[in-house]
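Asks: Residues per chain are reported as follows:
Number of protein chains: 2
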Amino acid sequence: MRLAELSARSGVSTATIKYYLREGLLPPGRRVTATQAEYDEAHLRRLRLVRALIQVGRIPVNSAREVLAALQDDDLDRNSRLGIATWALPHGPAPEQADPATDAARRTADALLDRLGWTYGGASGEKPTAPAYGMLVSAIAALSRLGYPCAVANLEPYARAVERIAVTDLDLVESYETPDEQVEAAVALTVLYEPVLLSLRRLAEAEESRRRFDGT
Amino acid sequence: MRLAELSARSGVSTATIKYYLREGLLPPGRRVTATQAEYDEAHLRRLRLVRALIQVGRIPVNSAREVLAALQDDDLDRNSRLGIATWALPHGPAPEQADPATDAARRTADALLDRLGWTYGGASGEKPTAPAYGMLVSAIAALSRLGYPCAVANLEPYARAVERIAVTDLDLVESYETPDEQVEAAVALTVLYEPVLLSLRRLAEAEESRRRFDGT
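So the protein sequences, as listed, match chains B and D. Counting from 1, one number per residue, gives the positions in the first sequence under our numbering. Counting from 1, one number per residue, gives the positions in the second sequence under our numbering.
Among the hints, erroneous ones may be present.
Claimed, not checked - Computed footprint of chain D on chain B, listed as stretches where at least three residues anywhere in the stretch have a Cβ under 8 Å from a Cβ of chain D:
| no. | segment |
| --- | --- |
| 1 | 36-47 |
| 2 | 100-106 |
To be verified - Here are the simulated lysine to any residue pairs, SDA-like style, with alpha carbons at most 25 Å apart:
| no. | chain 1 | residue 1 | chain 2 | residue 2 |
| --- | --- | --- | --- | --- |
| 3 | D | Lys18 | D | Val32 |
| 4 | B | Lys18 | D | Leu146 |
| 5 | B | Lys18 | B | Leu71 |
| 6 | D | Lys18 | B | Leu71 |
| 7 | B | Lys18 | D | Arg145 |
| 8 | D | Lys18 | B | Arg145 |
| 9 | D | Lys18 | B | Thr16 |
| 10 | B | Lys18 | D | Gly147 |
The set of hints was computed from the structure by calculation and includes no laboratory data. Even glycine gets a Cβ: it sits at the ideal position worked out from N, Cα and C.
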């Protein structure tokens with residue numbers, strides 16, 4: 001297919017596609033004349049992945065290029081490929097380094113992950129390095145600074161609920177066939193389901209409040 | 001206590017406290033000299049609430065003033081007070097009005113809430129008006145525009161998980177004694193637990209990915 005059709009089928013503008021080609025995020029098409037190239041279904045799939053990384057995941061272009069390189073590295077297993085893609089996602093501010101609230105929050109996060117038997121997003125026995133670990137530490141520290149102490153017992157119900165959510169997420173990722181599609185789905189669904197989750201929680205809170213307090 | 005002590009005990013700067021006083025968000029202290037006023041524990045509690053609304057909830061000053069007025073309205077029940085506070089929280093962009101993806105998303109959201117037996121955050125029988133309903137519709141529409149159709153069956157596991165989370169949230173809100181403290185907790189915990197929830201979900205996804213795909 002020509003550039004115009006690739007644009008129409010992907011919903012990505014021709015200007016944006018040309019930018020991705022220049023940045024090496026999309027392999028060049030097969031040249032048919034001096035000014036025209038031909039693209040195939042593999043381009044369409046890769047374009048969807050690039051869009052998921054950059055437009056949905058808001059991953060910087062340089063990081064997106066690294067994610068795409070990792071995808072083509074046959075030495076990496078599937079867990080690592082998904083991890084490299086989702087770890088490149090923005091994770092909010094890193095926790096402050098030498099602050100008593102942060103130190104306490106780190107101990108709470110570690111005790112929680114120990115109780116859950118989770119491995120910090122790394123392979124078994126690895127040190128805590130997932131970016132989401134830093135995001136969790138920051139969030140716990142913010143709660144305690146504002147006078148809402150947040151112990152392992154407070155956090156565990158949230159963790160148990162997201163364990164079920166993660167099974168749903170990974171089932172959906174596995175329903176895609178190719179590694180490219182699975183990574184695309186992992187990035188897009190991780191990001192796009194966040195507002196779903198937050199809005200449903202607020203509706204659930206409103207419902208629970210109505211059940212408890214309506215007319216009281 | 002004097003202004004300096006109110007600032008030290010609340011962790012809010014004197015400049016910010018003076019701003020809240022000028023804006024009528026905090027009632028004036030009892031004047032003791034021409035230049036000094038005396039504040040009490042009620043001021044401290046109210047200051048924590050104002051900070052929760054404005055600094056944590058990022059609620060605009062005008063909306064915060066309405067929330068505080070609603071709190072003092074004895075005709076309102078507890079459900080309405082909590083609702084007014086959490087509905088004032090920012091909810092992301094409202095869905096587009098006349099767009100096929102939005103119309104379809106609205107039907108999906110309605111079918112989901114019907115199946116759950118939720119009432120859109122309103123009193124029984126009310127029309128869908130909670131701001132989080134618009135946020136949910138936008139999120140479903142964004143998924144479908146990017147080629148990730150999202151049916152009631154996809155959404156239900158997320159909704160069931162947040163139902164459990166909402167019970168935990170409201171238990172925590174109810175553990176506070178006064179109406180002011182409960183509203184403060186509802187706003188602060190709704191907002192502050194969002195990064196906790198999102199970071200735990202990413203860690204849970206990484207853990208689930210490791211269990212399924214490590215070494216494959």
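Asks: Please go over all the hints and tell whether each is borne out by the structure.
Replies: Here is what the structure says about each hint:
Closer than 8 Å: that is the beta-carbon criterion, and the segment 36-47 of chain B has 0 residues meeting it against chain D, so the requirement of 3 is violated. Only when three residues or more bring their CB closer than 8 Å to a CB of chain D does the claim for the segment 100-106 of chain B stand; here the count is 0, and the claim is violated. Only pairs whose Cα atoms come within 25 Å are accepted, and Lys18(D) paired with Val32(D) is accepted, the gap being roughly 17 Å. Straight-line distance between C-alpha atoms of Lys18(B) and Leu146(D) comes to about 20 Å, which keeps the hinted pair within the 25 Å bound.
Restraint check for Lys18(B) and Leu71(B): the C-alpha separation of about 22 Å stays at or below 25 Å, so the hint holds. Simply put, Lys18(D) and Leu71(B) have alpha-carbon atoms about 56 Å apart, too far for the 25 Å limit, and the pair is violated. Restraint check for Lys18(B) and Arg145(D): the C-alpha separation of about 22 Å stays at or below 25 Å, so the hint holds. Distance check on the hinted pair: Lys18(D) and Arg145(B) sit about 22 Å apart at the alpha-carbon level, within 25 Å; holds.
Proximity of Lys18(D) to Thr16(B) is assessed by CA-CA distance (about 50 Å); at most 25 Å being required, the pair is judged violated. As the CA atoms of Lys18(B) and Gly147(D) are separated by approximately 22 Å, the hinted pair is consistent with the 25 Å bound.
Checked against the numbered hints given earlier, this structure breaks hints 1, 2, 6 and 9; the rest are met.
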